[in-house]
Amino acid sequence: MPRPLTLDDDTPLGNKITSLIATDADGTSPGNKVRYELIGKGKSMRYFQIDPDMGTLTLRDDLRKEQDNEYQVKARSHFSFEKKSCRA
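Residue numbers (numbering that gives the first Met the number 0): 0 to 87.
Be a bit skeptical, because a hint or two may be false.
[Said to hold, decoys possible] Within a straight-line C-alpha distance of at most 20 Å, the following computed SDA-like cross-link-like pairs (lysine to any residue) qualify: (1) 32 to 54; (2) 32 to 77; (3) 42 to 8.
If you are wondering where the hints come from, they were derived from the structure by calculation, not from laboratory data. A quick note: this is a predicted structure, and the numbers were derived from the prediction, not measured.
Can you make the complete structure from the sequences, with help from the hints?
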């Protein structure tokens with residue numbers, strides 16, 4: 000289980016909170032790429048966002064809008080198989 004992170008209420012929007020790292024266990028390439036997404040429901044989806052390519056978690060809304068002082072953010076990584084088209 001990941002360690003809890005602490006943010007100040009006045010953390011600037013867009014501020015990097017952490018970066019997630021996932022790797023392809025079998026190491027095959029080309030054509031596969033790790034992608035990230037936030038999952039779940041609740042207020043955390045409103046306040047946080049993740050870069051789908053880099054895994055960087057950032058703040059997207061002002062934390063002072065809510066009285067809550069804890070948010071559970073869930074993320075998932077998956078492999079994206081990019082299809083390339085060819086024209087003859």
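**Report entry** Contradicted hints - numbers only
**Finding:** Nothing - there is no hint that the structure violates, so all of them hold.
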